[in-house]
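K.L.:
Each chain is listed here by its residues.
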Amino acid sequence: ILNVEQSPQSLHVQEGDSTNFTCSFPSSNFYALHWYRWETAKSPEALFVMTLNGDEKKKGRISATLNTKEGYSYLYIKGSQPEDSATYLCACRYNQGGKLIFGQGTELSVKP
Amino acid sequence: NAGVMQNPRHLVRRRGQEARLRCSPMKGHSHVYWYRQLPEEGLKFMVYLQKENIIDESGMPKERFSAEFPKEGPSILRIQQVVRGDSAAYFCASSPGQGNGYTFGSGTRLTVV
Numbered sequence: 001i002l003n004v005e006q007s008p009q010s011l012h013v014q015e016g017d018s019t020n021f022t023c024s025f026p027s028s029n030f031y032a033l034h035w036y037r038w039e040t041a042k043s044p045e046a047l048f049v050m051t052l053n054g055d056e057k058k059k060g061r062i063s064a065t066l067n068t069k070e071g072y073s074y075l076y077i078k079g080s081q082p083e084d085s086a087t088y089l090c091a092c093r094y095n096q097g098g099k100l101i102f103g104q105g106t107e108l109s110v111k112p
Numbered sequence: 001n002a003g004v005m006q007n008p009r010h011l012v013r014r015r016g017q018e019a020r021l022r023c024s025p026m027k028g029h030s031h032v033y034w035y036r037q038l039p040e041e042g043l044k045f046m047v048y049l050q051k052e053n054i055i056d057e058s059g060m061p062k063e064r065f066s067a068e069f070p071k072e073g074p075s076i077l078r079i080q081q082v083v084r085g086d087s088a089a090y091f092c093a094s095s096p097g098q099g100n101g102y103t104f105g106s107g108t109r110l111t112v113v
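If you read the protein sequences in the order shown, they are chains A and B. Using the numbering used here, the letters of the first sequence correspond one by one to residues 1 to 112. Using the numbering used here, the letters of the second sequence correspond one by one to residues 1 to 113.
Keep in mind that a hint or two might mislead.
Away from chain A, derived, C-beta distances all over 12 Å, residues of chain B [what the hints assert, rightly or not]:
#, residue
1, 27
2, 31
3, 32
4, 44
5, 46
6, 62
7, 66
8, 70
9, 83
10, 84
11, 86
12, 99
13, 104
Sample of chain B residues facing chain A (criterion: CB under 7 Å; computed from the structure) [unchecked claim]:
#, residue
14, 24
15, 28
16, 48
17, 101
Hint data in this document are derived by calculation from the structure and do not stem from the laboratory. Here the structure is a predicted model, which is why all the values come from computation and not from measurement. Cβ atoms here follow ideal geometry from the backbone N, Cα and C, with glycine treated the same way.
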């Protein structure tokens, strides 16, 4: 059974703080990693798709890195804002197969 | 482009009834995935379909659950003889091809009373 683990489970920060969280995954037969942002009562929204070892992606204040050899990815948020409050999901795909295997998510709460 | 449409948004069924959940993928997307989110848990894969074919159903319970994606019309997730443990949020996602990112629908929240 392939297990994608995210930590921490939840995170509370003050507005302006920078934060990061981790996604760990089995590296054997890894194909791609996806990050999603999921706000309450909405549907998950795609942030990044990463495939290559050493990949770095950036969108505004959010960036992500990927290490496929050791099986982890970091998501960074610089200068957190209350609107960043959401659950951040990591999901992995293996062997070009279609399905994504999701982690439990990291729930971020940013207080003004 | 309307995105992935799921209906109904909320569905209440009594134990023993049937639940039918519908998903219309984004225009141009021929791959559909169903996921279930049980209370306090993450998204768990159920089934992956491409038009008229089931590609991977490794996450589907062996009994009472079935899925289809006909040539015309939406994908349907069908749960027969529902039990309280089926109460969950069911999410559908679509993609234009294998290996692409997903676009998610807003989910159907099933409550079995």
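K.L.:
Out of the numbered hints, which ones does the structure contradict?
P.N.:
The structure conflicts with hints 2, 3, 4, 5, 12, 13, 14, 15, although it agrees with all the remaining ones.
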